[in-house]
Amino acid sequence: MSDGRRFSGDLLVGADGANSRVRQAAGLAMKQRDYEQQCLVATVEIAGGCQDMTWQAFTPTGPEAFLPLPDINGRSYGSIVWYNHPEKVRELLALSEEDFIEALVTTFPAELPDVIQLHERGAFPIARRHVTEYFRQGVVLAGDAAHTINPLAGQGVNLGLQDAAWLIEILVDALRAGENPRSTEVLARYEQARRSDNALMMNTMDAFYHTFSNQSKPLQLLRNLGLTLAGKLSPAINQVMKYAMGLSGKQPRLATGKKR
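Going left to right, the sequence shown walks through residues 1 to 260 as my numbering numbers them.
Because the hints were derived from the structure by calculation, they are not lab data. Be aware that a few hints might be false.
DMTMM-like cross-link-like pairs, simulated, lysine to aspartate or glutamate; straight-line CA separation at most 25 Å [unchecked claim]:
id, residue 1, residue 2
1, Lys-88, Asp-114
2, Lys-250, Asp-173
3, Lys-250, Asp-206
4, Lys-31, Glu-45
Using the sequences plus the hints, can you model the full thing?
In structure tokens:
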């Protein structure tokens, strides 16, 4: 540490985000593919409260969303999420507060609460990343340190929680069995439990990204018909929701509330 203290342990869990220093120090390689989008996020103050409203639309340039935030001292706030091409995002970041709010008003639907003040804004590139190995002896990765996903459906946090639940279960079981939690045999069970599920969700989000960003008229028609049909099939919707929340298929005990 900066004050000279040192810490040691049997296993280091790298859960320190997409730019993981643990991953870099351990020499764990990562494959990356950039999307042709960036995500702009802004915190705004709104009039009249959030009205329990969350809104999202998919456009050819990427999703646009309004997400309510908690009131603070009687004032109401919301988060704007705005995907677009990198050059457009740079233009939006360069606008004055007044011009930025005007751009919001002309782009987002009139049914949303009125924006009265811009507080913060920033942007980040969108990329798909997945490590070639989840572990080395004594080091294991979880969450964004191991994988990043297109955030258009907000699934990154769910994958990270599933990583944590599986890792805890596998390490606890290993300790109870008298195994060394830092061993490659134990850590390989964690990677086996998570790699395929993480890759499946990444590929699913890639499919959404390419479907909604493609402006082919036949594909748009097919997409709209498919969404209309899906909206009328409640069992299918429920199954998709369970999958997105990690509540279908094989699950760790922490996800089901079971104790051993």
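Hints that the structure is at odds with (numbers, increasing): Violated hint: only 4; rest satisfied.
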